[in-house]
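Colleague: Sequence:
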Amino acid sequence: MWSGAGVSISSVRPTKNCSALRERSACQALSCSPAKRTARVSEAEIMDFGMFKLVCQFLLNFMNLLHSWLRDYGLAILALTTIIKLTLWPIQNRANRSMRQMAALSPKMQELKEKYKDDPTRMNQEVMKLYKQYGINPVGGCLPMLIQIPIFFGLFKMLGQAVELRNAKFLWVKDLSQPDTVAHLPLLGWPINIIPLCMAATQIWLMAMTPKTGDATQRRVMMFTPLIFLFICYNFAAALALYYTAQNLFSILQFYQNRNQPMPKLEKVAPAGKRKR
Numbered sequence: 001m002w003s004g005a006g007v008s009i010s011s012v013r014p015t016k017n018c019s020a021l022r023e024r025s026a027c028q029a030l031s032c033s034p035a036k037r038t039a040r041v042s043e044a045e046i047m048d049f050g051m052f053k054l055v056c057q058f059l060l061n062f063m064n065l066l067h068s069w070l071r072d073y074g075l076a077i078l079a080l081t082t083i084i085k086l087t088l089w090p091i092q093n094r095a096n097r098s099m100r101q102m103a104a105l106s107p108k109m110q111e112l113k114e115k116y117k118d119d120p121t122r123m124n125q126e127v128m129k130l131y132k133q134y135g136i137n138p139v140g141g142c143l144p145m146l147i148q149i150p151i152f153f154g155l156f157k158m159l160g161q162a163v164e165l166r167n168a169k170f171l172w173v174k175d176l177s178q179p180d181t182v183a184h185l186p187l188l189g190w191p192i193n194i195i196p197l198c199m200a201a202t203q204i205w206l207m208a209m210t211p212k213t214g215d216a217t218q219r220r221v222m223m224f225t226p227l228i229f230l231f232i233c234y235n236f237a238a239a240l241a242l243y244y245t246a247q248n249l250f251s252i253l254q255f256y257q258n259r260n261q262p263m264p265k266l267e268k269v270a271p272a273g274k275r276k277r
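Here this note's numbering is used: the first residue of the sequence shown is 1, the next is one more, and so on.
Hints are computed from structural coordinates only; laboratory data are not their basis.
Where hints are given, some of them may not hold.
The calculated EDC-like cross-link candidates involving lysine to aspartate or glutamate, where the alpha carbons are at most 20 Å apart (straight line), are [claimed, not checked]:
#1 Lys-132 with Glu-111
#2 Lys-129 with Asp-119
#3 Lys-129 with Glu-114
#4 Lys-169 with Asp-72
#5 Lys-129 with Asp-118
#6 Lys-129 with Glu-111
#7 Lys-174 with Asp-72
#8 Lys-113 with Glu-126
#9 Lys-108 with Asp-118
#10 Lys-115 with Glu-126
#11 Lys-108 with Glu-126
#12 Lys-108 with Asp-119
Label-pair distances were calculated between CB atoms; the ranges are [as the list claims (entries may be wrong)]:
#13 Met-222 with Asn-93: 15 to 21 Å
#14 Trp-89 with Asn-61: 32 to 38 Å
#15 Leu-86 with Gly-160: 24 to 30 Å
#16 Ile-151 with Leu-171: 33 to 39 Å
Ideal placement from N, C-alpha and C gives every residue a C-beta, glycine not left out.
Make a model of the complete structure from these sequences and hints.
Modeller: Written as C-alpha cells, this is what we have:
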C-alpha cells in the first residue's frame, strides 16, 4: 500500500483495475510528488496520443470492449484485427482487382518505356494515356494503404502506451506492452523476438503473391517494406507485431480467394463524348 495526500494506491493487477495504476503512472511520468496530486489524473495526461488522439481513443475503447467479452488482450487484438479487415475487405478487393489490371497492362507499358526511353516526358504522357484508354486508376491499389495509415499510427501510439497491456500475457508472451523476447543470440546478445519475425515472414509471403507491375521503383519499395516494418516493430510492443501478423494472414487469405478468379480483361474505354447515354 502506498499513500499520499489525496491519493491511495494498492498493489493491483493492471488488467483488472487500471485506474489506480494510471494515477501511479502519472505521478512517475510527470515526476511530481504525490502530495501535489490532489485531483484525479485523467487518462489523457498519462497516455499522450498526440495528433492521433481520436483514433487512438476509439481503438483503445474498442479493444477494452472486446477484452470485457474475451477476457484476454491477445484475443482482443486478434478480434480487433478481424473486424478491421472485414470492414476493409470490399475496398481491398477493388484494390486487388486494380493491381491485377496493372499486371495485365505491364507488357504494353514496357513497350512504351522502350519506345520512349530517351524522352521521359513523352513516355509519362503515353503511359497516362494508356491508363486512360483502359480506364485504369494507377493509384487504385494504394487506397487501402492510405486508409490504414491513421489506423497504423493510431495502433502504434495506442498499443505502445495502453496501461491495460502491461503484464498482459498471451501464449508465450509475458507482457504485450514489451517485445516478446524468448532468448538472446550467443556472443552477440541480440534479442530473438518471435512475433516480429513471423510478421516479416508473412509480409514476404504476401508480397510473393502480389501481381508484379512494370514499375521498377514500386517493386523496389515493396521489396524493402518487410525489412522496414521489421525494423520498426522488432523492439516495439509485441501487441503491434501481433496485429500486423494477423492482418497479413487475412490478406493472404484474401489473395487466395481472388487468385481463383479469372484475370480481368483489358477493354478500352470509349471517350466521354462517344459514350451512349
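Colleague: Now tell me, hint by hint, if it's right for this structure.
Modeller: So, going through the hints one by one against the coordinates:
1. A C-alpha spacing of about 17 Å is found between Lys-132 and Glu-111, which places the hinted pair at or below 20 Å, so the restraint holds.
2. With a CA separation close to 15 Å, the supplied pair Lys-129 and Asp-119 stays within the 20 Å bound.
3. A threshold of 20 Å between alpha carbons decides the hint, and for Lys-129 with Glu-114 the separation of about 16 Å falls inside it, so the pair holds.
4. Distance restraint check for Lys-169 and Asp-72: the Cα-Cα separation of roughly 8 Å lies within the 20 Å cut-off, and the hinted pair is therefore satisfied.
5. Only pairs whose Cα atoms come within 20 Å are accepted, and Lys-129 paired with Asp-118 is accepted, the gap being roughly 18 Å.
6. Restraint check: the Cα-Cα separation between Lys-129 and Glu-111 comes to about 14 Å, which is no more than 20 Å; the hinted pair holds.
7. Distance restraint check for Lys-174 and Asp-72: the Cα-Cα separation of roughly 13 Å lies within the 20 Å cut-off, and the hinted pair is therefore satisfied.
8. Of the supplied pair hints, the one linking Lys-113 and Glu-126 holds, its CA atoms being roughly 9 Å apart against a limit of 20 Å.
9. Simply put, Lys-108 and Asp-118 have alpha-carbon atoms about 17 Å apart, close enough for the 20 Å limit, and the pair holds.
10. With a CA separation close to 10 Å, the supplied pair Lys-115 and Glu-126 stays within the 20 Å bound.
11. Proposed proximity of Lys-108 and Glu-126 is supported: the alpha carbons are some 11 Å apart, at most 20 Å.
12. The suggested pairing of Lys-108 with Asp-119 holds, with an alpha-carbon distance near 17 Å, which does not exceed 20 Å.
13. Checked against the given bound of 15 to 21 Å, the beta carbons of Met-222 and Asn-93, roughly 19 Å apart, stay inside it.
14. Separated by about 23 Å at the C-beta atoms, Trp-89 and Asn-61 break the suggested range of 32 to 38 Å.
15. A C-beta distance of roughly 25 Å is found between Leu-86 and Gly-160, which places it inside the suggested range of 24 to 30 Å.
16. For Ile-151 paired with Leu-171, a C-beta distance near 24 Å fails the hint of 33 to 39 Å.
In this structure, the hints that do not hold are numbers 14, 16, in rising order.
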